[in-house]
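Novice: Chain by chain, the residues:
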Amino acid sequence: MSRTVYHLALALACASVAAGEPVVIGHQRFHAGEAGVAGGRLLYNELGCANCHGGDTGLPARRGPDLTTVTTRQKADWLRAFIASPDQHRSGTSMPGLFAGRDAADAGAVVHYLGTLAPKSTGRARLIRHMNSESGKLLFHTIGCVACHAPRDDYVPAGGRPPAAGLASGTVVFPSLEEKYVLSSLGDFIRDPLKTRPDGRMPRIEMEEQDAIDIASYLLGLPGSDGEQAPKLDPFVPNREKAARGRDVVGALWCAGCHDLPAAERVQVTPIRDPAGGCLAEVPAAGVPNYVFNVSQRRALQSFLARRDETLPAEHRVALTMQALNCTACHERDGNGGPDAAHRDYISGDPNLGDTGRYLPPLTGVGRKLQPKWLEQAVKGAVRVRPYLNTRMPVYGGAVAELPALLARVDAGPEWPMPAGDVEAGRKLLGTHGGVSCITCHRWADRASLGIQGMDISNLAQRLQPRWLRDYLVNPAAYRPGTLMPSFWPDGKAANREVLGGDTDRQIASIVAFAREGRGVPEGFPSMTTREFELVPTERPIVLRTFLQDVGTHAILVGFPAGVHLAYDASEARPALVWKGRFFDAYGTWFSRFAPFEKPLGDALKWPAPAAPPGLRSFSGYRLDATGVPIFLFTVNGVPVEERFEPVPGGLRRSVRWNVERLRSIAVAHPEGVGAKEEEGSEGGKLSFVYTWQ
Amino acid sequence: MKRIYLLLGSLTLLTATGAAATATEAYEIQTILAASSPTSSRSANWKPGDGIVLEVGGMDFTADGKLAVAIRKGEVWLIDGLQRGATSPPTYKLFASGLHEPLGVMRDGDGLLVAQRTEITRLRDTNGDGVADEYLTACRGWNVSGAYHGYTYGPKRDGAGNLWVALNLDLGERSDNDAPWRGWAGIIGADAAFKPMAAGMRSPCGLGANATGDMFCVDQQGTWIPATPIYHLRRGAFYLNPEGLGPQRRPDSPVKLSAPVPNKVPYPDAVRAVPEMAPPAVWLPYNKMGRSGTDIAVCDQAGKFGPFDGQLFVGEFTDAKVSRVFLEQVDGQYQGAAFPFLSGFASGVVRVLFGDDGSLFVGMTSRGWSSLGLHSYGLQRVRWTGLTPFALREMRALPGGFELVFTSPVDAESAGRTESYSIKSYTFLYSSAYGSPEIDVRPLAITSATVSSDGLHVRLQVEGLRELYVHELRADGVRSASGAPLAHPDAYYTLNRIPRQP
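Protein sequence lines, in the order shown, are assigned to chains V and S.
Residues 1 to 694 (the numbering used here) make up the first sequence, in order.
Residues 1001 to 1502 (the numbering used here) make up the second sequence, in order.
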């Protein structure tokens, strides 16, 4: 692929008038300039030839978009123009020209017919308050869109803009989007392309609705932040007479070959008899679909047609499927594919993890790497194990239905007679106390690792096949070039000679056994400080306010290093809950916009209100003493009272002080389910109780 | 000590991310601290990165010149090294923690008053170790239902010494706007009691006194509020949003509406229908002047911030910008004009505050809402470079038009042509719906444009002025004496009253 073509592709991203052969990225990248059978098969499949001419290519079916709602999503003027001359309005389109020699009004009539298929409008446009094209620009260039679409000039990746010459193929060029879409319909399409294009060639990248709107606003070049200012789609009202004409045209042109249309429009599959005629003629006759093939595309198709009855070996089927779906844009397999030089700098992630923190994993041998069930979920895009990657694995829908089983078959390797593992040895090996310290770099379930935040490995038994894991651990770099992962079993010899006598196979089997059992965590995580927002009192008490279940909106939590904690209700100036063990996770309080009502991390005991009515009890704040212990302040009938709690061995001491000359007594209550003992010397003006857990 | 060092290591000291970033501009934006990652803080899964999560909710300077910054997770930090003449990089010290989403902080005596959801709290360091050890209730008395939007703003001191506090309407789950005093502003009364003063607000996020000590408040567009309004706060006033009016039945309510609030009427009709309804001193039309006003700072810098002394600078969240407001009094009532000022801040602007060196400190957070500022949070400062911007400094109402005051002399030829200007007036639909389009839009004829001999003033004779309407001016054709166009040719005058002939 030349520099010129790359610039052309970039230019076309903004231009509405362009022409050229259909772009099948996988074909351009791996088969361009050849007239080979494999490339021909890929083209035959990806241009939907089989839809009219039949034949099983062994590859996921290529279909056209759903047209029954198209007039509610796209502008009628654009549809009319595109249908009349597709390649003039979208460079590289795989939609053939069908209207040569036809009355120009026929394309318009088709749009009217399609309008009759659309559901009745509810008349209510969706409210889009916010849009943010800057956010959309960032998402477009980081989550994976530019694997297939050209990056734009207004975004420069962190490493600078790569040389255009590194582009290994053309890209999927946008038509003039503002002529085709409005903000809401482009946003809906980006959010879930499979809804209208179920064949998965534009896969779905999981994202929030707002993110899709932001990307749409960026691609449409909309200024400002108010989505309501964006142009809206004019309702399309089909004309009955034109629609009737359109229906005839749709039937005559076999539109239903590629597009799902009402049953009456079905086409008769017709095998190709003359591989140099019909669509493949150098200048197709009027009335014959015109794909604007280039010479090598035409030759490749002819090569394939000559040998179309040959069986397709399974490993070729995998490779061609990955080319058809452009998996190879991101993933390498068997030395082919992976991001080209022009794309590498657009792929980002956690820089602390090196290249493996941003590049997608190679798929060489993935069928013997992943457990079958996991493989199926991974191919579906249903599991995400590398949260540090900015690129998101898309969802291809039915197009990948057969791929997991195919990969498992093609990649199958010899079984490994894994010896019996020792669960405790596995735990030790994973940990930092006499093990090989996997958790220094790897997360374990919800526990952050001690250093860089590498992939969670608590699921390794469900995820990985033992044989592959063993081979990988012996030489990680052979499987993941550039990985930061060292080998603790170089050349198959265990570096740790203490555990299980340094038996490599038994050590690895033990790691698998511990992970499979799924109980406990490896040794070496600092106790109770592993959740990022869990508050752990260490030297001084922690005091904070939050909304708390069973207390209300005025809760003040006090966590003591001794492991006993309480919640004070400032609205009634009294203790309300007490608990032991872990204190509190502050994430919701600190970082949720919606200010949730939280719960303590331990099982809390209720501390009832005193029997006497609160009367004129009024909270007035707290002071922290020299050790950081809060002294709660309130007044009863205007008389100041101080109340202090502090841990004692096995429990909690409470002392209440006030001027007994001004106030004879005050009501107190004790927590439920603990022993309450009034201490010696406790009397009016200086009450003192010790609560102990039974 | 190690902690402080690490925090400093994560600071990004960048210059200039703003629209006015080059040395040829009159104002430049400098970053003091910004979230290192621009990842979406509105995501439910967003987690803050390392360092101080400087999601600014409140700012004020302490007596010894440190910037006290209240952050949303409940801490107050003291930042040293931002005052005039400071040369070393700023240092950060944690002063208080465990507060409930504080959205305001103000120096008072030897302590700080900080607005928590449930109360105003007085923080003091009584033992001199630089960390607060007293958290005393300084004001309370409003309901806290647990609805997430039940925020508390303030306090701010007016010229008479009153400390003003504003309370957001409840929005979302658990809302209870019939309980006192949601959507009200009041002052801190005796015995730390909240004393309600004025009603009818929705999201009164920012308070600030002008140069003469009158208190103003910026609210946000939403239900019943068609655009960002700036209210002059005073006892007994009702502004726009009636959803929190339930407590007017209480004996301690200073607001008693004598007529029901109409729905779906042009705004001037609503003002005529409800005698207690106090028109905003200034409207900031939606989109044109931002979308969510957040804070007010009066420029009291004696020229150190350029030619805008006495004007209000208004923070804005969604578009991450700062606008400028000129106020004048007609028949004793405030009204005036809003002008664009500066955009391109790192995150949603929530707090603005002038420092002693003439720079405007801008505190930001975007968590929870969308903002054109993509960083999750940050602190920036705006400095005047010494160049005088060619700008509309003031727009004053006259009996039959407006007087424009420029920051530097105009080219008399272009400024003397009526075609160099256009004016239209419009109002809004007052309704329970969210926001409003501009309605009853009317272009107005400009019959003369008279330039003063010093070239700083232009008098426009305008036909068909309408009271209570926004009068939007564009001065696209005006050039400075050196031939430059206005960087911001638009201005928005809220003409509550047309001055009478003298």
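Everything labelled a hint here was simulated from the structure, so no lab data went into it.
Positions of the beta carbon are idealized from the N, C-alpha and C atoms, including for glycine.
Be aware that a few hints might be false.
Unchecked claim - DMTMM-like, lysine to aspartate or glutamate: derived pairs with alpha carbons at most 20 Å apart: (1) Lys242/V x Asp226/V; (2) Lys1047/S x Asp350/V; (3) Lys1093/S x Glu539/V; (4) Lys137/V x Asp234/V; (5) Lys137/V x Asp153/V; (6) Lys599/V x Glu1173/S; (7) Lys1047/S x Asp446/V; (8) Lys1047/S x Asp153/V; (9) Lys1047/S x Glu534/V; (10) Lys1288/S x Asp153/V; (11) Lys1047/S x Asp505/V; (12) Lys232/V x Glu1438/S.
Unchecked claim - Partial list, derived from the structure: chain V residues whose beta carbon lies under 10 Å from chain S: (13) Met455; (14) Ile556; (15) Phe560; (16) Arg593; (17) Gly628.
What the hints assert, rightly or not - Reference listing, derived: stretches of chain S covered by chain V, where coverage requires no fewer than 3 residues with Cβ under 8 Å from a Cβ of chain V: (18) 1094-1100; (19) 1363-1376; (20) 1420-1433.
Novice: Compare the structure with each hint and give your call.
Specialist: Hint check results:
1. Taking the CA atoms of Lys242/V and Asp226/V, the gap is near 38 Å; set against the 20 Å cutoff, the hint is violated.
2. Straight-line distance between C-alpha atoms of Lys1047/S and Asp350/V comes to about 15 Å, which keeps the hinted pair within the 20 Å bound.
3. This hinted pair checks out: Lys1093/S and Glu539/V have alpha carbons roughly 18 Å apart, not beyond 20 Å.
4. Note on Lys137/V and Asp234/V: the hinted pairing is violated, with a Cα-Cα distance of about 27 Å set against a maximum of 20 Å.
5. At roughly 11 Å between alpha-carbon atoms, Lys137/V and Asp153/V fall within 20 Å of each other, so this suggested pair holds.
6. Only pairs whose Cα atoms come within 20 Å are accepted, and Lys599/V paired with Glu1173/S is accepted, the gap being roughly 18 Å.
7. A C-alpha spacing of about 14 Å is found between Lys1047/S and Asp446/V, which places the hinted pair at or below 20 Å, so the restraint holds.
8. Using a Cα cut-off of 20 Å, the hinted pair Lys1047/S and Asp153/V is violated, with the two alpha carbons roughly 30 Å apart.
9. With a C-alpha separation of about 13 Å, the suggested pairing of Lys1047/S with Glu534/V holds against the 20 Å cut-off.
10. For a cut-off of 20 Å, the pair hint linking Lys1288/S to Asp153/V is broken: about 28 Å separates their Cα positions.
11. Note on Lys1047/S and Asp505/V: the hinted pairing is violated, with a Cα-Cα distance of about 40 Å set against a maximum of 20 Å.
12. Only pairs whose Cα atoms come within 20 Å are accepted, and Lys232/V paired with Glu1438/S is accepted, the gap being roughly 19 Å.
13. Taking 10 Å as the C-beta contact cut-off toward chain S, the hint placing Met455/V at the interface is violated, the least distance being around 17 Å.
14. Because the beta carbon of Ile556/V sits about 8 Å from the nearest beta carbon in chain S, less than 10 Å, this interface hint is met.
15. For Phe560/V, the shortest C-beta to C-beta distance to chain S is roughly 14 Å, which exceeds 10 Å, and the interface hint is violated.
16. Because the beta carbon of Arg593/V sits about 3 Å from the nearest beta carbon in chain S, less than 10 Å, this interface hint is met.
17. Satisfaction of the interface hint for Gly628/V is found here, the shortest Cβ-Cβ separation to chain S being roughly 9 Å, below the 10 Å cut-off.
18. For the stretch 1094-1100 of chain S, the stated coverage by chain V is satisfied: 4 residues place a CB nearer than 8 Å to a CB of that chain, which reaches the threshold of 3.
19. Counting residues of the stretch 1363-1376 of chain S whose beta-carbon sits less than 8 Å from any beta-carbon of chain V gives 7, enough to reach three: the coverage restraint holds.
20. By the rule of at least three residues with a Cβ nearer than 8 Å to a Cβ of chain V, the coverage given for the stretch 1420-1433 of chain S is violated, with 0 such residues.
Hints 1, 4, 8, 10, 11, 13, 15, 20 from the list above are not met by this structure, while the remaining hints are.
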